[in-house]
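So the protein sequences, as listed, match chains A and B. Numbered according to this note's numbering, the first sequence spans residues 1 to 112. Numbered according to this note's numbering, the second sequence spans residues 1 to 114.
Calculated from the structure, these hints are not laboratory results. It is possible that part of the hints are untrue.
Chain B stretches covered by chain A per the calculated footprint, using a threshold of three residues with CB under 8 Å from any CB of chain A [unchecked claim]: (1) 29 to 37; (2) 40 to 50; (3) 99 to 113.
Below, simulated DSS-like cross-link-like pairs (lysine-lysine); rule was C-alpha separation at most 30 Å, straight line [claimed, not checked]: (4) B/Lys-58 / A/Lys-99; (5) B/Lys-42 / A/Lys-13; (6) B/Lys-71 / A/Lys-99; (7) A/Lys-57 / B/Lys-42; (8) B/Lys-5 / A/Lys-13; (9) B/Lys-71 / A/Lys-57; (10) A/Lys-99 / B/Lys-68; (11) B/Lys-15 / A/Lys-99; (12) B/Lys-68 / B/Lys-5; (13) B/Lys-58 / A/Lys-57; (14) B/Lys-5 / B/Lys-71.
Since the structure is predicted, the reported quantities are computational estimates derived from the model, not experimental observations. For glycine and all other residues, C-beta sits at the position ideal for the given N, C-alpha and C.
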Amino acid sequence: KAGVTQTPRYLIKTRGQQVTLSCSPISGHRSVSWYQQTPGQGLQFLFEYFSETQRNKGNFPGRFSGRQFSNSRSEMNVSTLELGDSALYLCASSLEVAKTQYFGPGTRLLVL
Amino acid sequence: QQQVKQSPQSLIVQKGGISIINCAYENTAFDYFPWYQQFPGKGPALLIAIRPDVSEKKEGRFTISFNKSAKQFSLHIMDSQPGDSATYFCAASMRTGTASKLTFGTGTRLQVTL
Numbered sequence: 001k002a003g004v005t006q007t008p009r010y011l012i013k014t015r016g017q018q019v020t021l022s023c024s025p026i027s028g029h030r031s032v033s034w035y036q037q038t039p040g041q042g043l044q045f046l047f048e049y050f051s052e053t054q055r056n057k058g059n060f061p062g063r064f065s066g067r068q069f070s071n072s073r074s075e076m077n078v079s080t081l082e083l084g085d086s087a088l089y090l091c092a093s094s095l096e097v098a099k100t101q102y103f104g105p106g107t108r109l110l111v112l
Numbered sequence: 001q002q003q004v005k006q007s008p009q010s011l012i013v014q015k016g017g018i019s020i021i022n023c024a025y026e027n028t029a030f031d032y033f034p035w036y037q038q039f040p041g042k043g044p045a046l047l048i049a050i051r052p053d054v055s056e057k058k059e060g061r062f063t064i065s066f067n068k069s070a071k072q073f074s075l076h077i078m079d080s081q082p083g084d085s086a087t088y089f090c091a092a093s094m095r096t097g098t099a100s101k102l103t104f105g106t107g108t109r110l111q112v113t114l
């Protein structure tokens, strides 16, 4: 069974731009969560989606948003990029909410 | 109350030795405690996990010890190998209604020397 896939793997943007990251969960998994990983803040929860509905949200500004499609694939969007948004963005999928999460390889975003 | 405190920040162990990483939590509502291993350039990979109704879980060279009363849990890596050199994260999760989230520790960078 294929693992979690994330595209693109690397991205360079400039301040003020917006970006959309994509995540395809493991086949059969219906819950998708997003995390931001930085050297300073570690792994921080962004949001969780299940059945196309946002179930939980972390402490991030409204510039960070996401959505989930009927096939469980998910996207996250960051608008008006700031230098501090440079990070590894990780997607994790699970069968359902509160089940074991399996992570993808991440999208490394660099904001210049 | 949502924090998970992890120590040490870094650890150097000789090949064949035991690596021990400790975590502590505050919120007694946490009901699932996984450990993840992360290599550079990769996403975290689930290593082993435990629920609070057991005090120990062993999978190969990896053991989780769980102390519910002290609100602490630890990862022991027996016979540590150079291939174990990675960053290890403990985490805790709880379900609230139809939602859940993983709260991660700050990570431990393990280096296993020859």
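* Confirm or reject the coverage of the stretch 40 to 50 of chain B by chain A under the rule of 3 or more residues with a beta carbon closer than 8 Å to the chain's beta carbons. => It holds, with 7 qualifying residues against the three required.
* For the pair we were handed, B/Lys-5 and A/Lys-13, check the Cα-Cα distance against 30 Å. => 33 Å, violated
* Asked: Counting residues of the stretch 99 to 113 of chain B whose CB is closer than 8 Å to a CB in chain A, do you get three or more?
  -> holds (count 9)
* Asked: For the pair supplied as a hint, A/Lys-57 and B/Lys-42, is the alpha-carbon distance within the 30 Å limit?
  -> 24 Å, holds
* Restraint check for A/Lys-99 with B/Lys-68, where alpha carbons must lie at most 30 Å apart -> Holds - the C-alpha atoms of B/Lys-68 and A/Lys-99 are around 21 Å apart, at most 30 Å.
* **Pairwise hint evaluation, A/Lys-57 against B/Lys-71, where the allowed Cα distance is 30 Å at most** => With a Cα-Cα distance of about 25 Å, the restraint between B/Lys-71 and A/Lys-57 holds, given a limit of 30 Å.
* **B/Lys-42 paired with A/Lys-13 [C-alpha distance capped at 30 Å]** => Measuring from Cα to Cα gives roughly 21 Å; hence the hint holds.
* Is B/Lys-5 close enough to B/Lys-71, meaning Cα to Cα at most 30 Å? -> Status holds; Cα separation ~11 Å.
* Compare the distance between the alpha carbons of B/Lys-58 and A/Lys-57 with 30 Å, and conclude whether the hinted pair is satisfied. => Violated. B/Lys-58 to A/Lys-57 sits at ~33 Å, over the 30 Å cutoff.
* Asked: Given the hinted pair B/Lys-58 and A/Lys-99, is their alpha-carbon gap at most 30 Å?
  -> Cα-Cα ~20 Å, so holds.
* For the pair supplied as a hint, B/Lys-68 and B/Lys-5, is the alpha-carbon distance within the 30 Å limit? -> The hint holds at about 15 Å.
* Are B/Lys-71 and A/Lys-99 close enough, with their CA atoms no more than 30 Å apart? -> 21 Å, holds
Violation of the numbered hints given earlier is confined to hints 8, 11 and 13; the remaining hints are satisfied by the structure.
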